[in-house]
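A.B. asks: So you can see what is in the structure, the chains are spelled out below.
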Amino acid sequence: MSSQQQQRATISNNLSDNITQIKSLFQGSPDLVIREFIIQSIRKTAALVYLGGLTDKNSVNNNVLEPLMFQLNMNPTVSISHLITEDQWRAISAAILGGSSVLFVNGNAEASILDTQGWPQRSIEDPQIEASLKGAHQGFVETGSQNIALIRRYIPSTELKIKELRVGQRGATTVSIMYLGDVAQPEILDELVERIQKINVDAIINAGELGEFIEDNPYSPFPQFISTERPDSAASQILQGRYVMVVDGSPNVLIGPTTFVSFFQSIDDYSTRWLISSFIRVTRYFAFFIALFLPAIYIALISYNYVIIPVKLIISIGESRERVPFPPFAEAILMEITLEMLREAGIRLPAPIGQTVGIVGGIVIGQAAVQAGIVSNIMVIVVASTAIASFIIPNYDMGAAVRFLRFPMMIIASIFGIVGIAAGLMTLIIHLITLKSLDTPYGSPLAPVRFTDWKDTFIRAPLWIMKKRPVNAHPVQLERQDSPQPEENP
Amino acid sequence: MKYYWLKICIIVVLLGLLPGCYDKMYLEDATLILVLGFDIEEDRFIVYSSSPLFNKDAKKKTEEFYDDKPVSVRHSKNNFDTMSSGIPSAGKIQTILIGKKLLEHGNWFSMLDTLFRNAESSVNANVAVVNGPVSEVVYYHADDKPPLTLLLPKLISSSSKKNATLDTTLQEFHRQMYDQAMTPALPMIRKNTNLVAEGAALLNEQGKYVTSLDLQETTLLRVLQRNLTGVGSYTANVPESQAGQPNPIVQSKLSVDIAKLSVRIRTSYEHGRFIFNLRYKMKTRITERTFPFNTTMRKTQLQKQLDSLIQRDLMALIHKIQKNCIDPIGLGIIAQAYQYHAWKKVKDHWGDALSEADIRLSVKTEMLDSGVLQ
Numbered sequence: 001m002s003s004q005q006q007q008r009a010t011i012s013n014n015l016s017d018n019i020t021q022i023k024s025l026f027q028g029s030p031d032l033v034i035r036e037f038i039i040q041s042i043r044k045t046a047a048l049v050y051l052g053g054l055t056d057k058n059s060v061n062n063n064v065l066e067p068l069m070f071q072l073n074m075n076p077t078v079s080i081s082h083l084i085t086e087d088q089w090r091a092i093s094a095a096i097l098g099g100s101s102v103l104f105v106n107g108n109a110e111a112s113i114l115d116t117q118g119w120p121q122r123s124i125e126d127p128q129i130e131a132s133l134k135g136a137h138q139g140f141v142e143t144g145s146q147n148i149a150l151i152r153r154y155i156p157s158t159e160l161k162i163k164e165l166r167v168g169q170r171g172a173t174t175v176s177i178m179y180l181g182d183v184a185q186p187e188i189l190d191e192l193v194e195r196i197q198k199i200n201v202d203a204i205i206n207a208g209e210l211g212e213f214i215e216d217n218p219y220s221p222f223p224q225f226i227s228t229e230r231p232d233s234a235a236s237q238i239l240q241g242r243y244v245m246v247v248d249g250s251p252n253v254l255i256g257p258t259t260f261v262s263f264f265q266s267i268d269d270y271s272t273r274w275l276i277s278s279f280i281r282v283t284r285y286f287a288f289f290i291a292l293f294l295p296a297i298y299i300a301l302i303s304y305n306y307v308i309i310p311v312k313l314i315i316s317i318g319e320s321r322e323r324v325p326f327p328p329f330a331e332a333i334l335m336e337i338t339l340e341m342l343r344e345a346g347i348r349l350p351a352p353i354g355q356t357v358g359i360v361g362g363i364v365i366g367q368a369a370v371q372a373g374i375v376s377n378i379m380v381i382v383v384a385s386t387a388i389a390s391f392i393i394p395n396y397d398m399g400a401a402v403r404f405l406r407f408p409m410m411i412i413a414s415i416f417g418i419v420g421i422a423a424g425l426m427t428l429i430i431h432l433i434t435l436k437s438l439d440t441p442y443g444s445p446l447a448p449v450r451f452t453d454w455k456d457t458f459i460r461a462p463l464w465i466m467k468k469r470p471v472n473a474h475p476v477q478l479e480r481q482d483s484p485q486p487e488e489n490p
Numbered sequence: 001m002k003y004y005w006l007k008i009c010i011i012v013v014l015l016g017l018l019p020g021c022y023d024k025m026y027l028e029d030a031t032l033i034l035v036l037g038f039d040i041e042e043d044r045f046i047v048y049s050s051s052p053l054f055n056k057d058a059k060k061k062t063e064e065f066y067d068d069k070p071v072s073v074r075h076s077k078n079n080f081d082t083m084s085s086g087i088p089s090a091g092k093i094q095t096i097l098i099g100k101k102l103l104e105h106g107n108w109f110s111m112l113d114t115l116f117r118n119a120e121s122s123v124n125a126n127v128a129v130v131n132g133p134v135s136e137v138v139y140y141h142a143d144d145k146p147p148l149t150l151l152l153p154k155l156i157s158s159s160s161k162k163n164a165t166l167d168t169t170l171q172e173f174h175r176q177m178y179d180q181a182m183t184p185a186l187p188m189i190r191k192n193t194n195l196v197a198e199g200a201a202l203l204n205e206q207g208k209y210v211t212s213l214d215l216q217e218t219t220l221l222r223v224l225q226r227n228l229t230g231v232g233s234y235t236a237n238v239p240e241s242q243a244g245q246p247n248p249i250v251q252s253k254l255s256v257d258i259a260k261l262s263v264r265i266r267t268s269y270e271h272g273r274f275i276f277n278l279r280y281k282m283k284t285r286i287t288e289r290t291f292p293f294n295t296t297m298r299k300t301q302l303q304k305q306l307d308s309l310i311q312r313d314l315m316a317l318i319h320k321i322q323k324n325c326i327d328p329i330g331l332g333i334i335a336q337a338y339q340y341h342a343w344k345k346v347k348d349h350w351g352d353a354l355s356e357a358d359i360r361l362s363v364k365t366e367m368l369d370s371g372v373l374q
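Just so you know, the protein sequences line up as chains A and B, in that order.
The first sequence: position 139 = 139 (the working numbering), numbered continuously.
The second sequence: position 110 = 110 (the working numbering), numbered continuously.
Calculated from the structure, these hints are not laboratory results.
These numbers were taken from a predicted model, which means no experiment stands behind them.
Take every hint as true, because none was put in to throw you off.
Restricting the straight-line Cα-Cα distance to at most 30 Å, the calculated cross-link-like pairs of lysine-lysine (DSS-like) are:
hint: 1; chain 1: B; residue 1: Lys-161; chain 2: A; residue 2: Lys-312
hint: 2; chain 1: B; residue 1: Lys-59; chain 2: A; residue 2: Lys-312
hint: 3; chain 1: B; residue 1: Lys-323; chain 2: B; residue 2: Lys-253
hint: 4; chain 1: B; residue 1: Lys-100; chain 2: B; residue 2: Lys-162
hint: 5; chain 1: B; residue 1: Lys-154; chain 2: A; residue 2: Lys-312
hint: 6; chain 1: A; residue 1: Lys-57; chain 2: A; residue 2: Lys-44
hint: 7; chain 1: B; residue 1: Lys-61; chain 2: B; residue 2: Lys-154
hint: 8; chain 1: B; residue 1: Lys-281; chain 2: B; residue 2: Lys-323
hint: 9; chain 1: B; residue 1: Lys-60; chain 2: A; residue 2: Lys-312
hint: 10; chain 1: B; residue 1: Lys-191; chain 2: B; residue 2: Lys-208
hint: 11; chain 1: B; residue 1: Lys-162; chain 2: B; residue 2: Lys-299
hint: 12; chain 1: B; residue 1: Lys-61; chain 2: A; residue 2: Lys-312
hint: 13; chain 1: B; residue 1: Lys-100; chain 2: B; residue 2: Lys-61
hint: 14; chain 1: B; residue 1: Lys-191; chain 2: B; residue 2: Lys-60
hint: 15; chain 1: A; residue 1: Lys-436; chain 2: B; residue 2: Lys-7
hint: 16; chain 1: B; residue 1: Lys-100; chain 2: A; residue 2: Lys-312
hint: 17; chain 1: B; residue 1: Lys-253; chain 2: B; residue 2: Lys-162
hint: 18; chain 1: B; residue 1: Lys-101; chain 2: B; residue 2: Lys-154
hint: 19; chain 1: A; residue 1: Lys-312; chain 2: B; residue 2: Lys-24
hint: 20; chain 1: B; residue 1: Lys-191; chain 2: A; residue 2: Lys-312
hint: 21; chain 1: A; residue 1: Lys-312; chain 2: B; residue 2: Lys-162
hint: 22; chain 1: B; residue 1: Lys-299; chain 2: B; residue 2: Lys-281
hint: 23; chain 1: B; residue 1: Lys-161; chain 2: B; residue 2: Lys-61
hint: 24; chain 1: B; residue 1: Lys-145; chain 2: A; residue 2: Lys-312
hint: 25; chain 1: B; residue 1: Lys-347; chain 2: B; residue 2: Lys-323
hint: 26; chain 1: B; residue 1: Lys-7; chain 2: A; residue 2: Lys-198
hint: 27; chain 1: A; residue 1: Lys-312; chain 2: B; residue 2: Lys-56
hint: 28; chain 1: B; residue 1: Lys-208; chain 2: B; residue 2: Lys-154
hint: 29; chain 1: B; residue 1: Lys-161; chain 2: B; residue 2: Lys-283
Simulated DEER-style distance windows between Cβ atoms:
hint: 30; chain 1: B; residue 1: Leu-14; chain 2: A; residue 2: Tyr-219; range: 18 to 26 Å
hint: 31; chain 1: B; residue 1: Glu-136; chain 2: A; residue 2: Val-282; range: 50 to 58 Å
hint: 32; chain 1: B; residue 1: Met-25; chain 2: A; residue 2: Val-282; range: 31 to 39 Å
hint: 33; chain 1: B; residue 1: Lys-24; chain 2: A; residue 2: Asn-206; range: 44 to 52 Å
hint: 34; chain 1: A; residue 1: Gly-366; chain 2: B; residue 2: Met-83; range: 37 to 45 Å
hint: 35; chain 1: B; residue 1: Asn-55; chain 2: A; residue 2: Val-282; range: 36 to 44 Å
Glycine included, C-beta positions come from ideal geometry on N, C-alpha and C.
All chains, please: the whole structure from these sequences, using the hints.
C.D. replies: Here it is as structure tokens:
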């Protein structure tokens, strides 16, 4: 933009001057449409300017061009819901780039910006990554305004505030921070806005990029914002007093501030019976440790501490290990890397070929590998359990962190055995409790201990017991509800 | 963040210096000694070991070694190293077999010192006495049985669960040896055609073999020790006069399960003698009765009869123990607790003191049911 600095900041009242100006502004944009015509009723030449791909052709033809060109009454009207007049070139070009069409009338020193956006859009579909069991089957799409609308549907309240920011020199991506005005902590908002305003990039394409610029601990493997594609999940987080960042153009929204345990909560937990979802939640924490430590424990046990394995198991492990030519660490690394490759290969493949990967993968990490004498039976079970366990974690980012951390754990286990695993676990815990998310403790409610939040940590207590919002986000209004316990029939 | 990578580099370098990996040994390279045996053959101390063989193709799943010129038990571990394909590891010892001949020599216990001194060796191993040469048991191999390394612990623990023998771990044995108030008792096995558990062997304070108990006596010993796991089964011959009509073919037998046991022991010291007053209360279930008897009508009579039968057998066992000047029951512990001054005087020869003690015993049974019949 800077290279083509306008000679004038405002438009002139001469139509042909304006058209020349527009043409020079949009040099090299063959999709720019300049439709010159005569407004019949006032007999003035006019020009409608828009970008072909970004506008709704029907709207332009029926609601703008037709009335102006053919209506003969003195005050021709365009039937467009949103109309503003503007004389600044900067605003006009931004409007054209945003998909509006701009009407220049000869003799008028103001142009009308008509809301005729209509770019290619995806319809609202089931969320792809976070499949929904009991929640809504609507996922976010790539249009920010639609995503905001999806969240608003859940919270039809004037207290649902939106703070709009633009990020990026070229992209000028709209980032809308949504929050409950009377609940969310304003200091966190100030911090968030400050961090977003510091970003100086070309454009933010996806929500994840935004997260990387504003997170507290860039060197940590752990995600510091929840990224979700489910509006019900986002709405529930807003109600807990958190901030949701909707990035225009990204089908994911970012939620902050977060805690470690919030990555183990799924929105479906709250619509399942509390006993069952508590059980599932405990399973998730268990799976977290399995996914993180099982290969490391295998290595430690086989290399150093086999004395703690029961005798019968030790004999069967020994028999299957005896044929394997590699040390346990090499064996485990080999299998885990195969697993990770398999998973990565499967993610980006179209569904029909994806099945092939599954079948081929089944051969590689399966009985064939054992029969070939490359790995032991137990190792196959370890790898399979790890894979299953890492799929249980409901959040992709946290699952990925666990997948990554498994490897340092394996290395330390191969050098120091069980002691190494203990040291690894301690390091991990130390790291987790040092982390912060938007200046709030990441380890809450475990460290610092916040007992009121434990109702929704390892178990999911009945909803009528959870009368307060999570303390971690420092909500201004802590009280969440005051529903009575349902009366039991005698 | 400026020194972040520097810190990581320093940590990695320091970690590399740690001697963490010196005891690294892969499982498949280890020869796990699961059975360790000590015996005397032709006046020579011999150490045996049996280890599982991690090889699918091998027909025999265990390998055995013996060392007939051991400098010490610890030294023979090194000798095994030269014989076995892997590195011997004492961390998983399941059973320690001790030959009866070795026990008869006495003062052999110090040979086991290395097992207690090394942190890696297992003190959870079962200790058992072999009635006969240990080599017979260690080299025992049957195609229709699991390998010896698995068979032995199973044999001992399953029969011990039924109170037919004892379950003495190496640590417990160590305690029994060092506790002046009691003497050790070990399970005993022998090889007939198969391996069989044979009750218990009783040792004196020096660890010398004194006498042995059969299966029934072992159950009763556990009753006396107040160490009954689950139910104890007891079978007695019923004198015919009391059993109603005599039966020429079937002997009159009464079997009961002792389901619950409560004991009160009173001890006193009078005129240079310890007096023990043992009162046993048992809840029993009849599991077998091979003579006709009207249990419903004459339940009390049967109970009384059972009382006297059990009392007779317990007293016989106590006399046997007193005669041999040992105390596997642990009465000394009670004496030590309640009559410390008197006990202190005799603590170096508690077995002799117990043999002179006056032990009175009363048994009271309560019949819970007489089975689903009738």
